[in-house]
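Full structure from sequences and hints, please.
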Amino acid sequence: MKILITSDHAGFELKNALFRFLKEKKFEVVDYGPDKLDPNDDYPDFVAPVAEKISADETGKTFGVVIGGSGQGEAMCANRFPRIRAAVFYGDKRLNLESEKRFGLLSLSREHNDANILAIGARFVSEEETKKAVLLWLETPFSGETRHLRRLEKIDLLAPSNRVDI
1 MKILITSDHA GFELKNALFR FLKEKKFEVV DYGPDKLDPN DDYPDFVAPV AEKISADETG
61 KTFGVVIGGS GQGEAMCANR FPRIRAAVFY GDKRLNLESE KRFGLLSLSR EHNDANILAI
121 GARFVSEEET KKAVLLWLET PFSGETRHLR RLEKIDLLAP SNRVDI
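Number 66 in this note's numbering belongs to position 66 of the sequence shown; there are no gaps in the numbering.
What the hints contain is simulated information worked out from the structure, not anything from laboratory work. Even glycine gets a Cβ: it sits at the ideal position worked out from N, Cα and C. Misleading hints may appear alongside valid ones.
Below 25 angstroms or equal to it, Euclidean Cα-Cα: the simulated DSS-like pairs (lysine-lysine) are [stated by the list, open to error]:
#	residue 1	residue 2
1	Lys154	Lys131
2	Lys154	Lys53
3	Lys36	Lys61
4	Lys132	Lys154
5	Lys23	Lys61
6	Lys2	Lys36
7	Lys131	Lys61
8	Lys26	Lys154
9	Lys2	Lys25
10	Lys132	Lys23
11	Lys53	Lys131
12	Lys36	Lys23
13	Lys61	Lys26
14	Lys61	Lys154
15	Lys36	Lys131
16	Lys2	Lys26
17	Lys25	Lys132
18	Lys53	Lys26
19	Lys26	Lys131
20	Lys36	Lys25
21	Lys25	Lys53
What follows is a set of in silico ranges between Cβ atoms, one per label pair, in the way DEER data are often shown [stated by the list, open to error]:
#	residue 1	residue 2	range
22	Ser161	Lys132	29 to 39 angstroms
23	Glu52	Gln72	17 to 27 angstroms
24	Glu128	Asn79	24 to 34 angstroms
25	Gly144	Arg123	27 to 37 angstroms
Written as structure tokens, this is what we have:
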């Protein structure tokens, strides 16, 4: 398993901490930047190369973690690429969900939807919560159940390159 990790300025410190943590856990991790904090950077410049690389990997063994202020824009950017299924981790306790339910939603993104990119909102999660979330996400396998495979195939057919004009 290879993990590609990136951020914008809002997620810069969290990305660096997560990178070190995943390396300590013996994961193969590639840092896609940024290398230095720039308050004027734009997340698409960092998210797009990660999504493009994962989109091109047909083995299904490359995953991404993209970190921004909310995680929303990062997921939207990543999901523009074929075969990318980016999920956002809602770690914000203001969702009024107990920890188990927040983490349950996270694991379902892998188990049911075979998410291959996790977008994290650095303004809403702690470093410890992020570490726990990413480990759970990486360790949760896709179920491969027929109903989930069928749904993923339908999503893939929505890609512009697969659509037929009527």
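Hint check:
Distance hint between Lys154 and Lys131 is unfulfilled; the C-alpha atoms sit about 32 angstroms from each other, more than 25 angstroms. Using a Cα cut-off of 25 angstroms, the hinted pair Lys154 and Lys53 holds, with the two alpha carbons roughly 22 angstroms apart. With a C-alpha separation of about 28 angstroms, the suggested pairing of Lys36 with Lys61 is violated against the 25 angstroms cut-off. The suggested pairing of Lys132 with Lys154 is violated, with an alpha-carbon distance near 31 angstroms, which exceeds 25 angstroms.
Pair hint Lys23 plus Lys61 holds up; C-alpha atoms about 17 angstroms apart against a cutoff of 25 angstroms. With a CA separation close to 23 angstroms, the supplied pair Lys2 and Lys36 stays within the 25 angstroms bound. Distance restraint check for Lys131 and Lys61: the Cα-Cα separation of roughly 20 angstroms lies within the 25 angstroms cut-off, and the hinted pair is therefore satisfied. The suggested pairing of Lys26 with Lys154 is violated, with an alpha-carbon distance near 35 angstroms, which exceeds 25 angstroms.
Distance check on the hinted pair: Lys2 and Lys25 sit about 13 angstroms apart at the alpha-carbon level, within 25 angstroms; holds. Our distance criterion of 25 angstroms between C-alpha atoms is met by Lys132 and Lys23, whose separation comes to about 15 angstroms. For a cut-off of 25 angstroms, the pair hint linking Lys53 to Lys131 stands: about 23 angstroms separates their Cα positions. With a C-alpha separation of about 19 angstroms, the suggested pair Lys36 and Lys23 falls inside the 25 angstroms cut-off, and the hint holds.
A threshold of 25 angstroms between alpha carbons decides the hint, and for Lys61 with Lys26 the separation of about 15 angstroms falls inside it, so the pair holds. Our distance criterion of 25 angstroms between C-alpha atoms is met by Lys61 and Lys154, whose separation comes to about 22 angstroms. Of the supplied pair hints, the one linking Lys36 and Lys131 holds, its CA atoms being roughly 22 angstroms apart against a limit of 25 angstroms. About 11 angstroms separates the Cα atoms of Lys2 and Lys26, which keeps this hinted pair within 25 angstroms; it holds.
For the hint linking Lys25 to Lys132, the alpha-carbon distance of about 12 angstroms falls within 25 angstroms, and the restraint holds. For the suggested pair Lys53 and Lys26, the alpha carbons sit about 21 angstroms apart, so the restraint of at most 25 angstroms is met. For the given pair, Lys26 sits about 14 angstroms from Lys131 by alpha-carbon distance, which is consistent with the 25 angstroms threshold. For the hint pairing Lys36 with Lys25, the CA-to-CA distance comes to about 24 angstroms; that is within 25 angstroms, so the pair holds.
Restraint check for Lys25 and Lys53: satisfied, since their Cα atoms lie roughly 23 angstroms apart, inside the 25 angstroms limit. Checked against the given bound of 29 to 39 angstroms, the beta carbons of Ser161 and Lys132, roughly 37 angstroms apart, stay inside it. Evaluation of the 17 to 27 angstroms hint for Glu52 and Gln72 yields a pass: the beta carbon distance comes to about 20 angstroms. Between Glu128 and Asn79, the C-beta spacing of about 27 angstroms keeps the proposed range 24 to 34 angstroms intact.
A hinted range of 27 to 37 angstroms for the beta carbons of Gly144 and Arg123 is consistent with their spacing of about 35 angstroms.
Checked against the numbered hints listed earlier, the structure breaks hints 1, 3, 4, 8; every other hint is satisfied.
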